[in-house]
Structures are given as structure tokens and as C-alpha cells.
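Protein chains in written order, with this note's numbering: chain A, 527 to 1083; chain B, 6 to 870.
In case anyone wonders, no lab produced these hints; they're calculated from the structure. Incorrect hints may appear among the rest.
Stretch-level coverage of chain B by chain A, calculated; a stretch enters the list once three of its residues show a Cβ under 8 Å from a Cβ in chain A [stated by the list, open to error]:
(1) 39-45
(2) 103-110
(3) 164-177
(4) 186-199
(5) 416-426
(6) 761-772
Pairs of lysine-lysine, DSSO-like flavour, derived with a Cα cap of 27 Å [said to hold, decoys possible]:
(7) B/Lys457 x B/Lys435
(8) B/Lys435 x B/Lys527
(9) B/Lys527 x B/Lys231
(10) B/Lys855 x A/Lys588
(11) A/Lys588 x A/Lys850
(12) B/Lys86 x B/Lys99
(13) B/Lys299 x A/Lys850
(14) A/Lys1063 x A/Lys973
(15) B/Lys231 x B/Lys704
(16) B/Lys704 x B/Lys232
(17) B/Lys99 x A/Lys588
(18) A/Lys850 x B/Lys435
(19) B/Lys99 x A/Lys1063
(20) B/Lys457 x B/Lys789
(21) B/Lys457 x B/Lys86
(22) B/Lys185 x A/Lys850
(23) A/Lys902 x A/Lys850
(24) A/Lys1067 x A/Lys973
Idealized CB from N, CA, C, for every residue including glycine.
So the chains spell out like this:
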Amino acid sequence: VLALLGNLPRRPDLLVEYLHLIQDSQGCLPVEMLTALAEELRMAQTEVFEVATFYHHFDVVKEAETRPPALTIRVCDSGPCAMAGAEALLPALQQYADRLPVPPRIQRVPCIGRCAEAPAVVVHQYPIAPATVQAVDEAVRGNRRDCPLPPDALRLESAMAEGGYAVLRKLLAAPRTTESFESLCAQLQAAGLRGLGGAGFPAGRKWQIVSQQAGDRILVVNADEGEPGTFKDRHYLERRPHQFLEGMLIAAWAVDCRSCYIYLRDEYPGIRHLLQAEIVALQAAASAFASADGWQLPEIHLRRGAGAYICGEESAMLESIEGKRGMPRLRPPYIAEVGLFDRPTLAHNVETLYWIPEILSRGADWFASHGRRGRKGLRSFSVSGRVADPGVKLAPAGISLRELVDEYCGGMAPGHELYGYLPGGASGGILPASLADEPLDFDTLQKHGCFIGSAAVIVLSQHDRARDVAHNMMAFFRHESCGQCTPCRSGTAKAVHLMQAPAWDADLMQDLSVVMIDASICGLGQAAPNPMLSVLKHFPKEVASEGVEILNPESNR
Amino acid sequence: MNAPIRADVLAVTFELDGQPCQALAGETILQAARRAGVEIPTLCYKDGYRPDGNCRVCMVEIEGERVLAPSCCRAPKPGMKVQVESARAIASRKLVLELLMSDAPAEEQRSDSELLTWAAREGVVQSRFPQRAHTPLDFSHPGMAVNLDACIQCGRCVRGCREEQVNDVIGYAWRGDAAKIVFDMDDPMGVSTCVACGECVQACPTGAIMPKLLGTNEVAPREVEKKVDSLCPFCGVGCQLTYNITENRILFVDGRDGPSNQSRLCVKGRFGFDYAMNPDRLTVPLIRKDGYPKEPDFDRVPANWRDAFREATWEEALDHAGLGLARIRDEHGPRSLAGFGSAKCSNEEAYLFQKLVRIGFGSNNVDHCTRLCHASSVAALLEGIGSGAVSNQVSDVQFADVIFVVGANPTANHPVAATWIKNAAKRGAKLVVADPRRTELARHASHVLQFKADTDVALFNALIHAVIDEGLADRRFIEERTLNFEAIRDNVAACSPEAMAPLCGVPAQTIREVARLYARSKASIIFWGMGVSQHVHGTDNVRCLISLSLISGQIGRPGTGLHPLRGQNNVQGASDAGLIPMMFPDYRRVDDLGAIERFEKFWNTSLDHEPGLTVVEIMDAASRGDVRGMYVMGENPAMSDPDLRHARQALATLDLLVVQDIFPTETAWLADVILPATAFPEKTGTFTNTDRMVQLARKALEPPGQARQDLWIINQLARRLGLDWNYDEPQRVFEEMRTSMDSIAGISWERLLAEDSVTYPCEDADDPGQPVVFIDRFPTITGKASLVPAGLIAADERPDAQYPYVLITGRQLEHWHTGAMTRRSYVLDAIEPEATVAMHSDELVRLGVKPGKWCPSLRGAAPSA
């Protein structure tokens, strides 16, 4: 442990990073090394242990236990991948693994953000999508373990040549004043830029709130994209990382944040390597960012998640960056007031920041000019499921599902007819085909008990059952609940159980849903009943009659 | 909670179920509601703990908010409309209760579970949900049983362990419905680093962690015949507790909200209560058989010790003892007798004992084990600042910015005091730990000064030098409040940190940093223990600490001062009561004419005007034959004296040794008469803790057999020594005490009955007691403190080629005062059955020593850990 830590600072907030160091070098976390790490960080054993066991990417191994195999093959079993045959792939891969001289571990994992190419598999960190046993075998034999750098990424030099950071440099040329700050906020407001992680809070308004807080402000970027069916942030980060970084620096400058933390999900190692390199390059070019009022590039900390959906919840993310279990905080206080390390914190999703340079250079009107049915702006839909051409589709806000499928996705996949769809990943509920003409945007689907959130659209066909998808999603929530509050911790587990009954107990489910929605601490528990309630509301026939069986009971982990 | 609203505290008015409700500044909706008599169910909330808001049973509906809010964590705002009894709030809390009842079914919970109570109140009888997976029981700990099938994941035990006691053993591991309470790294409780403070037992609302019925593998029953509010009989912290009793047996103990412990206890207070019910108890008066030899050379009290004695009636035993002592007095003079009282006995017993020696024996030959612990501290304190007591209470660390702990290991010796220190360090106060050994507290320290044994004065003088050298001395304080500064300055002139660093093994830079930290902070407090006082230069060590504090002006305000951590539960009170050879009660010197006049008049007698002999001198006098008879009440010098062979020899040569105790101790083995006395829970009396709090202990048990109250025994012996005494009740003795002691004049027995604890100095009935003293003057003739320089003196024995190591004695958390009580407590002895030697692991490897090997020393041998 001493050798691994070297001269790194002995700070408890770096605990998760240090656990990664051990996990990467040992393939697991032996408890004796955790004890040594605790000693070094002057923490209690249990404080290290409870953090290590919180994250799925850490394998804690006790003295008497055998270590996991050197190679782990992770198989995504969330919505789109399950629909694309993950449940059949799992036993096939297990059979394949058992035949190898040193059998690797086959592990179910929740969404890894490759839903357009489902089913997705990761050999150690090497992604394969769509995956077959044969493709996995080739990767195993070819000793492919690492995630390659995204090939299409625009690196710093090319980005600069193409005009990257021009907006930031222009801003830096003049001192920041109250007027210039208010003007920036006004432009974002006029563009209608909202939090694109899913909550939809107006970005300019957020800047105003955080800038009013006294004390050293911090900017935190939520790159923990984990909502099943969502892969838009990966899409942008793999292609134009500097457009995002420029947006981040503009926000940091505008709100006067001295340090930036990017919390990146561990499922995107290729992006991690890319950002590491590009941040170094950016810092090396710091002289290009001389400002009129002596502003300097803030410190940029790239922090690594460790396999926990809940850390996409902004306050859980802060806890994780502080080296703790990713358990959401109670509000008030809001993180704008008391956030990371108890300081005022501006938190943004990757995509929200990504649009800022473009909105400021092309004008608020450009962004706001898009839209249908009275909605304004562009939305990046992550489309997966039964469509001909899934992927990230940049489309006008307010577009309907039918339009999105027909105009952007080449229609339904051959042999599939629209049966229903999930407008917002696991959390946003399930709508039937009869509601395929509703406008897709923030606030438009509430009357149907749904929302678009991160705009992860999963399209279902006559070959799918809403109850299977709902059950899969509830199993996901159960797996990802942080375990802090009763309604979510216990509620998701009970709901999974109830949803396995051929005929559902609608009254009990309603009662359970009410407490989860009303009394859970965070959005995970509050939204978790949505797929279940959607089935009761929009697909009652699937769960009303006797004799209906669950297709994949083993997907209940 | 139930205090009336003070007009000067800003209140917020909000609406609660349609009624106006007032909240104090800082109050939550829950607290305001409860004060207003509105009940809201809670589970994860516990008074005094940080609210966590995880159970979601206390949810209320706030107008204008999308979801419900946890009333335990929400502060009301003016005009806020809150509903406890709305349909949504009711539905939500009922369902939360139903979920928890399915996870933790009624049969798994303890009978007075908070969950069962609230579920019944809310009409949640049965759960419609299936039970979760079963977790195996963990009965690995001798004192506690863990049944996670009753756990509702409320985290109260985690907060208790981590935030209150700061023992950091319990954690919350994994996540979702697999989230689980763990000890260390999911180890069985019994093999974890758990220190068995039992805070978790007290914190748990459902009985997932329960005390065991002593010596069995069963959980202790919750229903008891009676509860008695009393005190912990062990260390000087003076924790208040409640005994839970059925059929004259203590079943379990709860911490009580006393000023020094606020419901916290340690393993001794929680589990060490059964010594009083041990079958070894002395239950019949015993007289040594004629001619049965006193064999001073023994290892342990032999199993057949009773063969040396015959049973006697009380009348016969008291005559033998009392008339025998009287005979020696009459034949050989008053100074041929001596008495050892005890710091474990009450103030009343100490007072009456010293009065018996001074009047009945006729000399000042009375002392107790304070001589072996803080006598050197008291000597230096009396000399320097005119008072031997602490300047500030332990809980004052909450106001301190710097806490300097030197030569003390409070996590073992004063565990609950240590919790306040750890709390302060967590809050951000700088903790400096100076000790040759790296103690538990070091993990919480900003600076650890691991100095070489015996170089205390060098280290302290270097600190003083640095304070003066760097211009950090408080000129004004020195000018106005102290004498003799020049002598200190000159004395440390040659003791720069740079010069002392090679001696004490602490880098000069560190010494300077600590000096700056200490002198510059708004409030710095010093705690010390036996590591400072038990040296040939113990008094010098304390003189240095006093000087450091005075020249820095770090005394006389909240959070700053001097605190010698008192060891035994009543060592402060026994000394206050005059159980020392050179002082009458209240530290009035026996050779001070005013004091003599006052006490001769008060006791209506003539007194010996010369100081008597100390514990050590009495032993010497006994072996010379100058002291021929002794009365020992509750002390065990044949085990606690630093030179055991000498002490046992001396005791064996006495013409008459009267021992009054509850167990056949090593001293009793050498006695002529053994008088069976009462244990702490069997009597009522007052005890004074390290914080100068006079506290009331109440009788909880009937004594076994013919064992009698100590006060009664003293009174009976007094009558046989010619005194016409008739003290029947402790309150009579206490009322006499406070008439003779100005410091406690304002503490009446009635007040103690009502308040349980009163801090002295307390001058009159209206005086609330003074927690911080020396605010504007010191209790010396001039009102100023004297700075006393100290030079470097080496220990009498230094390491040599044959014995290259220094042995530092220390304590085990579970054991206390020769083990007479703790070795007879089932849980304490089960957790730590043996005393051991600890060495640095590198050194063990170098020597090739395995745990269990006996390590020889000049003074005996002990097994290595």
C-alpha cells in the first residue's frame, strides 16, 4: 500500500481513488490492504470498508476468501440489452467461460451506456457491442483488455485550429463585471438552456443562485451518465471533449469557481484516458487563457466513479468525490449553498456545458429557434430498442415519439411494430403506442405519469412486454438503491417481489408507490415506482389476468 | 426538550396542524412539535444525536412542497404550514412502519422496541409485505448479542459509535437492501476492535444489539422490578447511570444524562457491575486464628485462605479490632496507629474515617492511594496556584482550540472523558498528544510528541523556552497574575528546542510548532495523568505544565486551563474530605493555627498539630515497628504499593491489622480482623469526580450475608476507641462536612437529591457552582500564582546493557485498581483476561519474541502481548 500511494497526499477525500489503485493492481481489495490503507489515511477500518463495499467495481476479499478470477467479463442486463438478448447471452457466455483453462468471471452489470449497440459486454475494460460469444472469444484470445481511446475525438490542437475556446478567450479579454455576468445569464435564459442531466433546471438561473453565495465556489461536472438507455454524454465526450471543457471553463469563469471537479463514471475508461490527456494539454496551454482581470485556469480534478448509478444524483456525487459512500444528502441545504467540501457548488451535466460555447457564439436565438409544438431548443435523444437506426439523435424539443422514430431513426426495425416506449430511461415511466404523438420535452408528460429526464428513449415492439421491462427496471433500482432511506431500500426490494406475481396486487403497489414517491430522500426512490405505475395505468391487461408468467425471473438480482 | 421558551431566545412561529406553534432558534419541526405536545413518530432520531432523517417515519406535509419532509431535519420558517395529520403524512408513516415491520418482524424485536410502540400506536398490526432474507445471529461478544433480523438500518448505532463515542467500529456497508451494519470489516463483534462501550445497545431502537444476561448466551430481559439512578463506581469521570434490577440482581445498566457523561458509558460502567454479586464476597466477620502465621512472600491469595481465619460475630470482631487498636494507642502512643482510607469510598466515609484517625487514634497518620497517583500534581498545584483541583471541567474541551494531552491515556483510563476530547478534535480543535507510547488518541491528533521516557522536563522546558523566545508569552497576564517570571525565563534559557531535541527525541521544529499552537490559540487546555506524576520528578513535571499555562495566559477562561485527570471515582472527594496526612478537610493545613483552632472547636477536641505519615512513610514506619496497628478501609496496599515485597513485609509485622473490604484482597490475607463491608451499589453516598462535581449515588442492592455499611463499621470502631458517635445516615455526615468545608457550603443533601450533581466551589444555596475557576485571582495569599522553575533530573534507574528497555506501566481499558473489582466482573475479565507487555512490532521481530513470552525485568516478569 505504501508503494502504491507513494507521495500521494494522505487525504480521506481521495479514498475512492486509492481504492481504485489497489483494485487495479490486485484485481481486488484484500482486507489486509484496506487495513493498511486505513492506517495510512488515519481512518477507521470500517470507514474504508463501508466505502469499498458500496461501489460495484470494488471486490473486497476477506482473508479466508479466494480472490476473484483475474479476468471479469461484464454483461449489461439493463432494458435495451435485455431486449436484445442479454439473458440468452449470459448463460452462453458462462458455458464459454467454464470451458477456458482459467475461467473468467461472468458478471451481470447495469447499463454501461452502449444501448444503441445492444447487447453490450465489457471484457475487463474492453467494450464489445453488439456482443456475441464469438466476439468475446476473439477479445479474450486477442488479449484485448483496455478501452481504446475514442478514435474520432477532436484533440486540443485540432479543436483550437477549428476555433475552439474562441468564446472563452473573447470573454476573458474583458474584465468580468456584474453586467457581463448578467448578460451571459440572460443569453442562457433566452436560449432556454436547461439542465440536460434530467432535472431541467434553467442553467442561467443556477448561475445566479450560486454566484450569490459567499465563499470559495466549486464547479462540479456530472459525467456519471447512468440512467439506463442514456449514452448522449459519452457521444459528445468521445467526439468533442473540448467543446464541453470550454463550456465548463466559461461557467467556472462566470461564476468564479476556483476549482472544477469532473466526476466521470468508471464505465467510460476510454473517455477517462482522453480527458486526462486533454486536461494536461489544456493546462500546458494555460498561457493562451490570460484574462484581463488576472483570472487563471482553475484546477481541474478528474475523479473516477466506481460503479454506482446513485452517484449521478448530484449530492451523492459530492459525497463520492469526498471519498464517502454515495448516499444522497437531505435538502435543504441545497448544494448551491453547502455543496462539495461544504462550499457553494455549481453542478452541471456534461451536455448542458457542451452547448454553452455554441449558444454564446451562434446566439441564443439559434438554439431557441428549434422546437415543435411550442417547445424551444434542441434535445439529444439517446434512442435504443426496436428502431432501425438507434443512436444519439439531436432533435427539436417537443418532437413526438412517432416523428423521432420515423424522421431520425429510419422507422421501426424490420418485423417490429410500435407497442410502447420509455421516454426517459428507467425512471421516466412507460407509455403505450397510443401516446406516441405527445410532445417529448421537460414537463410535457407529467399528466401521463412520465417524464423525459435525460431523454433516453427506449422503443418497445409487439415482441416486448411492458411488465418485463418494468420488472427489469425495478430490479435495477433495487440493485442501485443506496440503502439509506426506508421507502427506497425496502420499497424497491418489496416492489420487485410484488412484480413477480403473475397478477399484480394493484392496491398494495399503489400504497407502496405513494410512500416511495412522497418519502424517499432522492429522485431514485421517488421515480422508482414509475415503470410499475405505468404498467398498471397503461398496460393493465398484461398484469390483470391469471397465468401470465415472468419471462426472465433470474434478472431479479 | 421540555424547557420553557425563554423570552430572550428568538422564536419562529409556524402553523402545525392548523394551530400556531413556536420554535426556538435552531429547533427542528419535530422538536418544536414535541415541546408543544404533538407526537410525531421517530425511529432514526435520538435526542442528543445528529438527526439523520433516514427512516422517513417522521414525515410531515409542508404546504407548497412537492414531497413530504422529515420533521427531524427541517427547521420551521415563519408562517410555514405544516401538517402532521394530513392524509398523505399518515399514509406515508404507516407504510414506512409496515415496511420496517416486514423487515424486522415483531418476534425479532425487544419487547419495548420503539418500532413496536409506534406501529401499535399507528395501528400497523401486520405487514402485507414478505420478510427479507435472514441474517445469522452474532453472539460472539461476551457482553452483547447482535440480531440483525431486528435491524431497521436507522444508523443510530453508527452515529453512537462514530460521532458520540468516536470509537469508529460500527459501519454501514454494502448498499440497497443488502446494506448492513458491520463491525470493522464485517467481523464478528467479539473479534472486532469494539471497546464494548455499549453505546450501540443504548442507541438501538429495536433490540438488534442487546446486552446479554451476564455469563449466559441469552439476551437480558427488558422487564425489571426496579430502576435506581446512581453513578458508575469506576474512574474519576463520574458517569451517571441507572441500574436495572430484578430480585436483588443488576440485569443491565443504562447511561444517564449526567453532566460529565451525557448518557455515555464505557465498558466498565456498562458491564462491570457484577463484581458486587460475586461469590468471593466477604459476608461474615473473620478473625485470624491464633498463631496462624502471616506469610508475606506470596504470589496470589491462596485458594485456602479461609483456613487462616475463623468466623466471628460482629460484636466479637469489632471488639477485637476496636479495643485492640485502643490498646496499642494507649500503650505506644497515638502515632503508633495509622489508617488507610480509600478513594473508592464515599465522601462521607472518607470524612468519617479521617475524623476517626485524627480524634480516635489521635494523630494525622491517615492517607490513601492518592499518594501514589496525583499527590505530586497536588503538591505542585498547591504550591503554584493554591488549589489542587482542576481549573476546568473535561467537557470544557468543546470551547478549546488546542488540547494538550500529556502522560495520559484517557481512552483506557477515562474513556468517556476521551470521547469529549475526540469530539473536539473532530470539530477541528488541534489535539497534541505527548507520550512515549503511541496511544489510541494519536489517530485523532494533529501533533504526536513521542518523546523519550523520563525527558518530560526537557520537553516542557523547551516548550516554555519557545513560547518566551518567540515573543508569545502573555506579558500582561504574567505581570498581573504571576510572580517569579524571571526565574522561569532564566531557568529555561539554556533549554531551547534545538538543545532539548536530542534529549527528548522530538524535532525542535515540532516543539516550536506546538509551542506556537498552544500559546497563540484562543483557548488551550492541558490534561495530564500518571505519565506526568509518577516520576521522581513528577512534581517538577507539573510545575512545568503550570508554568507553560501561566506564561501563555492559558488559564481562567472557558476552554483553557489545567486538568489533572483524576483516576479513582472519589480520589478528588477523599482528598477534599481530609483523607491526607497534612490537611484537614478542604485542604486546611494541620499545622496552620487558624485551621487547628477551627477544627478543634468544630470537633470539640484537641488535635495533633504535626502532619502525619504518608502511605509510603507508614509502610516504612511499620517495618521499623514504629507503627504497630493499622486500619485499612477499601484499600489494597499489598497489591497497589509500588514495592510489593516491602509493603507485604511491613503489613505482616503489624501487631494488629484491621481490614474492611468486600473481597479477600492481598491485604486482607495479612489481616488480623476482616470486616465485611458493602459494595458501591449497596450504599448511598456522595462522590466527587475529576470535574469537581459532587454527585449522589443511591443504594440499589441489599448487601450479602452479614456485610454491613462502611459508615456503621467506622462508627462502631469509633465507639470502641472511646468516641461517643452516633452517625446513622450518610446525610448526617454530609451535613457536618459541608459545615466544615467552605467549598461545598452551598450543597445541601436536599439539593443533591433534587439535582444529583452540583459543581463546587459552591458557596451558598443560590450558587449554581463554578465550573471554571481562577478567573480573576488564584486562591493564594497574594492572589497571584507562583512560577516555580524545574531542572533536569534523571530517573533513579536507567536502562543498562542487561536491561536495555524502559518499562512504562499503563492500564487496560477493562481493568482498574488492582483488579479487585474488575477481575470479578464476568465481561471485563472475559474480554481481557490477562495483563500483558506491549512492545513495538519491529522490536519484537528483531528480538525474535513471540506473543506470550514472559519478559523479565528488575522488578518481575510479565507476558508479551
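The hints, checked one at a time:
1. 39-45: Three-residue rule not met by the region 39-45 of chain B, so violated; n is 0.
2. 103-110: Satisfied; 4 residues make the cut.
3. 164-177: holds (count 6)
4. 186-199: holds (count 6)
5. 416-426: Coverage by chain A is violated here, the residue count being 0 at a Cβ distance below 8 Å.
6. 761-772: Violated, because only 0 residues of the region 761-772 of chain B bring their Cβ atoms closer than 8 Å to Cβ atoms of chain A.
7. B/Lys457 x B/Lys435: holds (22 Å)
8. B/Lys435 x B/Lys527: Roughly 12 Å separates the two Cα atoms, so the pair holds.
9. B/Lys527 x B/Lys231: violated (47 Å)
10. B/Lys855 x A/Lys588: Distance of about 25 Å is within 27 Å: holds.
11. A/Lys588 x A/Lys850: Answer holds: A/Lys588 to A/Lys850 is near 21 Å, not above 27 Å.
12. B/Lys86 x B/Lys99: Given pair B/Lys86, B/Lys99 holds - Cα atoms ~22 Å apart, limit 27 Å.
13. B/Lys299 x A/Lys850: violated (64 Å)
14. A/Lys1063 x A/Lys973: holds (12 Å)
15. B/Lys231 x B/Lys704: holds (12 Å)
16. B/Lys704 x B/Lys232: Distance of about 11 Å is within 27 Å: holds.
17. B/Lys99 x A/Lys588: Violated. B/Lys99 to A/Lys588 sits at ~40 Å, over the 27 Å cutoff.
18. A/Lys850 x B/Lys435: Holds: A/Lys850 and B/Lys435 sit about 23 Å apart, inside 27 Å.
19. B/Lys99 x A/Lys1063: Since the Cα atoms of B/Lys99 and A/Lys1063 sit roughly 24 Å apart, the hinted pair holds (cutoff 27 Å).
20. B/Lys457 x B/Lys789: Outside the cut-off at roughly 34 Å; violated.
21. B/Lys457 x B/Lys86: Not OK: B/Lys457 and B/Lys86 at ~64 Å, beyond 27 Å, violated.
22. B/Lys185 x A/Lys850: holds (16 Å)
23. A/Lys902 x A/Lys850: Status violated; Cα separation ~39 Å.
24. A/Lys1067 x A/Lys973: holds (21 Å)
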